[in-house]
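Number of protein chains: 4
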Amino acid sequence: MVKPIVAVNYKAYYPYSFGEHALRIARDAVRVWEETGANIILAPPFTELARVLDVVKGSGVEVYAQHADPVEPGARTGFIPLEALKELGVHGVILNHSEHRLKLADINWLIKKAKKLGLKTLVCADVPETGAAVAVLGPDMVAVEPPELIGTGIPVSKAKPEVITNSVELIRKVNKDVVILTGAGISKGEDVYAAVKLGTLGVLIASAIVKAEKPYDVIKDMALNGFKALQS
Amino acid sequence: MVKPIVAVNYKAYYPYSFGEHALRIARDAVRVWEETGANIILAPPFTELARVLDVVKGSGVEVYAQHADPVEPGARTGFIPLEALKELGVHGVILNHSEHRLKLADINWLIKKAKKLGLKTLVCADVPETGAAVAVLGPDMVAVEPPELIGTGIPVSKAKPEVITNSVELIRKVNKDVVILTGAGISKGEDVYAAVKLGTLGVLIASAIVKAEKPYDVIKDMALNGFKALQS
Amino acid sequence: MVKPIVAVNYKAYYPYSFGEHALRIARDAVRVWEETGANIILAPPFTELARVLDVVKGSGVEVYAQHADPVEPGARTGFIPLEALKELGVHGVILNHSEHRLKLADINWLIKKAKKLGLKTLVCADVPETGAAVAVLGPDMVAVEPPELIGTGIPVSKAKPEVITNSVELIRKVNKDVVILTGAGISKGEDVYAAVKLGTLGVLIASAIVKAEKPYDVIKDMALNGFKALQS
Amino acid sequence: MVKPIVAVNYKAYYPYSFGEHALRIARDAVRVWEETGANIILAPPFTELARVLDVVKGSGVEVYAQHADPVEPGARTGFIPLEALKELGVHGVILNHSEHRLKLADINWLIKKAKKLGLKTLVCADVPETGAAVAVLGPDMVAVEPPELIGTGIPVSKAKPEVITNSVELIRKVNKDVVILTGAGISKGEDVYAAVKLGTLGVLIASAIVKAEKPYDVIKDMALNGFKALQS
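Protein chains in written order, with our numbering: chain A, 1 to 232; chain B, 1 to 232; chain C, 1 to 232; chain D, 1 to 232.
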């Protein structure tokens with residue numbers, strides 16, 4: 001059975017993305033996974049990866065890094081190569097987020113290397129065309145997020161549904177298999193429902209969950225709406 | 001009593017800087033601290049900070065991050081603001097390492113903010129003059145490391161002792177209090193002895209400890225030689 | 001009639017790329033254009049664009065910038081927006097050279113904006129896959145140059161002909177119209193001949209022409225071999 | 001006799017900083033120089049340097065680049081090393097402008113290299129402390145410009161005179177000879193008068209001259225007020 005994806009980018013909200021609240025979101029995610037079976041991905045800051053991994057251990061919730069530096073391991077003070085993530089036990093990595101854009105050659109290098117190391121890649125893009133360009137490189141997932149909507153609470157699925165349909169169309173022309181996600185402004189279950197109905201398999205969200213008073217409620221609402229859209 | 005400083009930059013050596021070996025270095029450092037009382041600073045990768053902090057808990061060994069991004073917390077995917085480090089409980093941060101140079105305005109911003117947050121700063125420089133420029137900004141420690149000697153095993157104290165003496169001279173002209181460290185090519189206790197005799201208070205080392213078969217032996221040798229030089 | 005392309009990246013060789021020698025290459029290019037009618041593109045440093053434009057005036061030789069910064073005009077000290085190039089009268093711009101890589105979103109932004117301003121784009125890529133990714137974005141030309149061969153004098157057409165054939169294959173899957181160039185290690189007319197026979201329309205060269213004792217001879221040899229390959 | 005300095009950063013305003021208007025500002029500057037003898041520095045975009053140099057030839061007006069890349073000449077597509085500027089005949093270079101910040105090690109490398117090549121350096125800083133840090137490195141001029149006032153038309157000499165007096169105090173502690181300039185929000189002759197009275201030798205201005213309807217009037221007003229302040 002196909003399952004919807006709810007990917008949570010913790011970003012670096014203070015204090016929400018760190019410490020006890022970072023773990024609480026992880027516990028809530030595990031609970032929703034137990035109750036719904038949705039694919040939930042958590043992407044905490046580098047400094048919180050180890051502790052979040054401890055919390056989700058044994059569950060189906062996956063942990064991704066928010067970024068990886070395009071460097072080989074070695075004398076690279078303050079950089080995080082993919083090997084550091086693999087060693088830690090994370091499942092994948094977000095690349096090229098609009099707040100952390102990468103050079104094209106580096107995106108390709110990181111996707112290829114992550115594949116070799118057994119890490120999954122979720123690559124972001126700002127418009128349908130760059131989403132298609134990225135899809136040519138063979139990542140596991142692509143999320144097209146118009147930067148002007150990120151963090152606004154105005155869901156791309158409502159404000160610019162054509163961004164989603166164009167993305168699906170352009171990406172499918174060059175890559176039949178890559179998973180497509182919707183991002184930017186997603187804040188409720190109904191946004192997830194719309195995103196899935198428009199042809200994607202789930203969402204990439206940040207503040208709507210990370211800063212929520214009850215992350216559990218939001219994650220669950222999104223997971224259930226994702227299933228509902230897939231089954232209708 | 002003045003104590004010598006042995007600061008260990010783990011860098012991103014694979015597999016040495018990560019996982020079990022990262023913790024082993026930390027345990028060895030705690031043992032040397034218990035036996036000598038030297039000031040030992042460990043700077044593991046972001047992803048290992050939480051676990052290394054657990055190991056040194058209750059001891060006098062301090063944990064620094066290798067870098068901090070010059071950003072406020074918030075929507076900053078994949079970046080690590082100082083607040084993330086403070087939240088974790090680290091004691092300080094290395095800034096402007098030759099492998100991760102920062103813009104001048106950002107160095108100043110980070111030093112000021114770290115001070116406010118109660119985090120110590122160890123700022124690197126490539127030559128005596130930039131060491132003095134950095135000292136003007138009021139960090140806790142300055143380490144002048146000629147990049148061409150970093151990682152060579154050729155100690156700056158032997159190859160270019162004038163780098164150390166010039167650094168001390170230029171830095172003291174503009175800042176009476178900042179702690180001065182020696183770095184680049186330091187690999188044995190005798191290098192630490194020489195560095196302290198030339199007027200600095202300790203060393204910043206990487207591979208000589210991180211890749212050592214017995215990190216304990218190297219750390220201890222360095223700590224003891226540091227004390228010896230201070231007392232002679 | 002289809003014509004071969006000889007694109008000359010001056011880079012920043014000293015003193016070759018600057019001053020009198022920069023103009024001499026331009027005069028030689030005009031002479032070859034008069035004698036053969038080949039499409040010749042010259043890409044001198046920003047600081048030499050005005051004078052090189054003066055030299056080629058009235059001929060069919062085109063002048064490109066080596067780079068453009070992904071910024072709008074305005075308060076941007078030391079940056080060169082596309083408008084600065086348009087104002088000067090250049091014909092196009094090289095983007096994403098292996099020595100000046102750009103972020104994916106910026107490549108797309110620059111291609112779209114250049115099109116609006118009537119500037120042509122020659123976008124570089126390091127491997128066939130990134131060449132295809134770039135081709136999705138609709139530039140005028142794509143040059144796939146394996147960085148490890150750039151500047152070696154070992155022509156990619158001999159050392160790695162599969163890079164060229166794979167590039168042509170992958171790029172044509174996503175873009176029927178973009179002009180494909182061969183680059184890296186090209187130094188003689190026979191390399192141009194091979195490059196065209198492998199399915200591209202010309203070459204991107206630097207030192208072989210810029211540092212040549214007689215640039216005229218090399219440009220002419222390349223132009224003639226390009227025509228020969230196209231007609232055979 | 002000591003003369004005031006009026007340094008004009010053209011930035012990249014469109015169309016003001018380019019083409020005919022760029023030359024008109026240069027002609028106006030030459031006229032003011034002829035009439036007052038003030039030290040006038042013009043810093044047009046890289047692409048306009050050659051033509052502006054032609055205009056000021058034979059006068060005492062100096063031409064600076066807005067930036068130089070911290071690279072040696074060679075295979076550096078799209079970068080401008082100091083040698084490119086020297087070759088062109090410019091007199092100096094602005095470094096570390098708030099819109100184009102540099103790494104500390106690179107500022108030092110560029111100052112040293114410019115000195116060897118006979119190019120003068122005007123280094124910007126954001127606050128008095130970084131101004132002093134820069135002064136340690138021995139540039140010819142330092143301009144402290146609070147970024148929050150740049151481009152506002154609110155002169156730093158009125159809004160934050162303590163920035164100027166603190167800069168002078170901190171810089172003089174570490175460097176007796178460096179010329180100190182005032183920048184940010186300077187728009188009239190009276191701002192220049194105030195800046196000189198507060199202890200600096202002139203100003204760094206951009207839009208107030210570059211976008212002026214009659215650049216001649218503004219430059220002259222500033223030059224005369226500079227002399228007036230020096231003589232009073």
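Read the hints as simulated data drawn from the structure, not as lab findings. Just to be clear, a hint being listed does not mean it is correct.
Some, not all, of what chain D presents toward chain B, calculated at C-beta under 7 Å [stated by the list, open to error]: (1) K3; (2) H21; (3) L23; (4) H100; (5) R101; (6) P128; (7) E129; (8) A133; (9) V136; (10) L137.
To list a few chain D residues with every Cβ distance to chain C over 10 Å, as calculated [stated by the list, open to error]: (11) S17; (12) V30; (13) E34; (14) E35; (15) E48; (16) V55; (17) E83; (18) K112; (19) G138; (20) P146; (21) T165; (22) N166; (23) A206; (24) K214.
Small disclaimer: the values here were computed from a predicted structure and weren't measured. Note that the Cβ used here is the ideal one computed from N, Cα and C, for glycine as well.
Next on the checklist: Are any of the numbered hints broken by this structure? If so, which, sorted upward?
Outcome noted: 1, 2, 3, 4, 6, 11, 15, 17, 23
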